[in-house]
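Model the full assembly from the supplied sequences, consistent with the hints where possible.
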Amino acid sequence: MKLLIVGLGSMGKRRARLAKGMDASIQISGVDTTESRRAEAEGLGITAYASIGEAVAAEQFDAALVCTAPITHAAIISELLDAGLPVFTELNLVSDGYEENMKKAKEKGLPLFLSSTMLYRGETQYIKQQVKAFDKPVNYIYHIGQYLPDWHPWENYKNFFVGDKRTGGVREIFGIDLPWLLDTFGPVKSLHVEKDKISQLEVDYPDSYFVTLRHENGVKGMLAVDVVSPKAVRNFECFGEGLHLFWEGNPKSLYTFDHDKGEKLPVNTYESFEHDSRYSDNIVENAYVDELANFFAVLKGAEQPRYSFEKDLETIRLIEAIEEA
Numbered sequence: 001m002k003l004l005i006v007g008l009g010s011m012g013k014r015r016a017r018l019a020k021g022m023d024a025s026i027q028i029s030g031v032d033t034t035e036s037r038r039a040e041a042e043g044l045g046i047t048a049y050a051s052i053g054e055a056v057a058a059e060q061f062d063a064a065l066v067c068t069a070p071i072t073h074a075a076i077i078s079e080l081l082d083a084g085l086p087v088f089t090e091l092n093l094v095s096d097g098y099e100e101n102m103k104k105a106k107e108k109g110l111p112l113f114l115s116s117t118m119l120y121r122g123e124t125q126y127i128k129q130q131v132k133a134f135d136k137p138v139n140y141i142y143h144i145g146q147y148l149p150d151w152h153p154w155e156n157y158k159n160f161f162v163g164d165k166r167t168g169g170v171r172e173i174f175g176i177d178l179p180w181l182l183d184t185f186g187p188v189k190s191l192h193v194e195k196d197k198i199s200q201l202e203v204d205y206p207d208s209y210f211v212t213l214r215h216e217n218g219v220k221g222m223l224a225v226d227v228v229s230p231k232a233v234r235n236f237e238c239f240g241e242g243l244h245l246f247w248e249g250n251p252k253s254l255y256t257f258d259h260d261k262g263e264k265l266p267v268n269t270y271e272s273f274e275h276d277s278r279y280s281d282n283i284v285e286n287a288y289v290d291e292l293a294n295f296f297a298v299l300k301g302a303e304q305p306r307y308s309f310e311k312d313l314e315t316i317r318l319i320e321a322i323e324e325a
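Using this note's numbering, the final residue of the sequence shown is 325, and nothing's skipped along the way.
Treat the hints as calculated values from the structure; they're not laboratory data.
Treat the hints loosely; a few may be bogus.
As the list claims (entries may be wrong) - Derived DSS-like pairs: lysine-lysine, alpha-carbon spacing no greater than 25 Å straight-line:
hint	residue 1	residue 2
1	K300	K104
2	K231	K261
3	K106	K300
4	K300	K103
5	K104	K311
6	K2	K128
7	K220	K132
8	K252	K128
9	K13	K2
10	K195	K132
11	K220	K189
12	K20	K264
13	K136	K220
14	K132	K311
15	K300	K2
16	K20	K2
17	K300	K311
18	K2	K106
19	K195	K220
20	K132	K261
21	K264	K252
22	K2	K108
This is the structure we're talking about:
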């Protein structure tokens, strides 16, 4: 298999490394408009081009991965589809070009695969299974936050997409976590929002949100989302009469409460897991690998994608409703 990765920043390099780790025979080329990134990629054994046109003129690819800033995705996806390539794209966060690109992919018979990495976490799948099996009313409380300058310590937060209001840090957290919450608890019928700016961060959007969600099935959820927490945090708790789950965002922190024993019992959803030390401990490499495996299986016609542009349209509409509330 020969892959073209568009965008050779941190995520593009991660996808390249993980793809090669899954199958050493995979050949990878890349596209980036930044000369220094192309030079770095060449040093990693990735043939790098300055444009998609240059790359597809020089080589024949089986698929492409879009790993650029979200606001650039629509035009890149369209160009790749025009080149006859199946597309895997990172989170878009905005719905620019959705209808056009979905239509184009369908007309050309090309897979259009959208990342939603949290759907591939063993912990979120366990929570979903437990809630479904419990089949009684539950509530949940979920705090997700991390100080924005710590997201990419190697660069200024104003120099990548989280500094842009349309694709800001809080919006990205919603884009990452709402899909698995909706998958687990179902569609939302009403919401209440409190938001403000409590930091000195140079961003033109609220840095702290409290959101109460009422799902159509009666589940109530309370989300606290921010980009000011000094310690990266992902604290989740789900409870009902007979069910109590706890998760702090990493594979070693998933617990269920045993009422008879009166104690929390650990739940292990991974035999082993990989972690990149540059990121907080709630970033687990296994989910990225499983997501790529799903994409490769979709290319072979062996599986269906866990997420889609159609589902993401609903997620983006919910994010916009939260922002506008």
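Hints versus structure:
Pair hint K300 plus K104 holds up; C-alpha atoms about 20 Å apart against a cutoff of 25 Å. Of the supplied pair hints, the one linking K231 and K261 is violated, its CA atoms being roughly 32 Å apart against a limit of 25 Å. Taken as a hint, the K106 and K300 pair is honoured in the structure, with Cα atoms around 17 Å apart against an allowance of 25 Å. Restraint check: the Cα-Cα separation between K300 and K103 comes to about 21 Å, which is no more than 25 Å; the hinted pair holds.
Note on K104 and K311: the hinted pairing holds, with a Cα-Cα distance of about 18 Å set against a maximum of 25 Å. The straight-line distance between the Cα atoms of K2 and K128 is roughly 35 Å, outside the 25 Å bound, and the hint therefore fails. For the proposed pair K220 and K132, the alpha carbon gap of about 15 Å is at most 25 Å, so the pair holds. At roughly 18 Å between alpha-carbon atoms, K252 and K128 fall within 25 Å of each other, so this suggested pair holds.
Taken as a hint, the K13 and K2 pair is honoured in the structure, with Cα atoms around 15 Å apart against an allowance of 25 Å. Using a Cα cut-off of 25 Å, the hinted pair K195 and K132 is violated, with the two alpha carbons roughly 31 Å apart. The straight-line distance between the Cα atoms of K220 and K189 is roughly 10 Å, inside the 25 Å bound, and the hint therefore holds. For the hint pairing K20 with K264, the CA-to-CA distance comes to about 39 Å; that exceeds 25 Å, so the pair is violated.
For the proposed pair K136 and K220, the alpha carbon gap of about 12 Å is at most 25 Å, so the pair holds. Simply put, K132 and K311 have alpha-carbon atoms about 20 Å apart, close enough for the 25 Å limit, and the pair holds. The hinted pair formed by K300 and K2 meets the criterion: a straight-line CA distance of about 14 Å does not exceed 25 Å. Between K20 and K2 the CA atoms are separated by roughly 11 Å; this keeps the pair inside 25 Å, and the hint holds.
About 22 Å separates the Cα atoms of K300 and K311, which keeps this hinted pair within 25 Å; it holds. The suggested pairing of K2 with K106 holds, with an alpha-carbon distance near 22 Å, which does not exceed 25 Å. Between K195 and K220 the alpha-carbon distance is near 19 Å, which keeps this suggested pair within the 25 Å criterion. At roughly 23 Å between alpha-carbon atoms, K132 and K261 fall within 25 Å of each other, so this suggested pair holds.
Simply put, K264 and K252 have alpha-carbon atoms about 13 Å apart, close enough for the 25 Å limit, and the pair holds. With a CA separation close to 20 Å, the supplied pair K2 and K108 stays within the 25 Å bound.
Hint compliance for this structure: hints 2, 6, 10, 12 are not met, and every other hint is.
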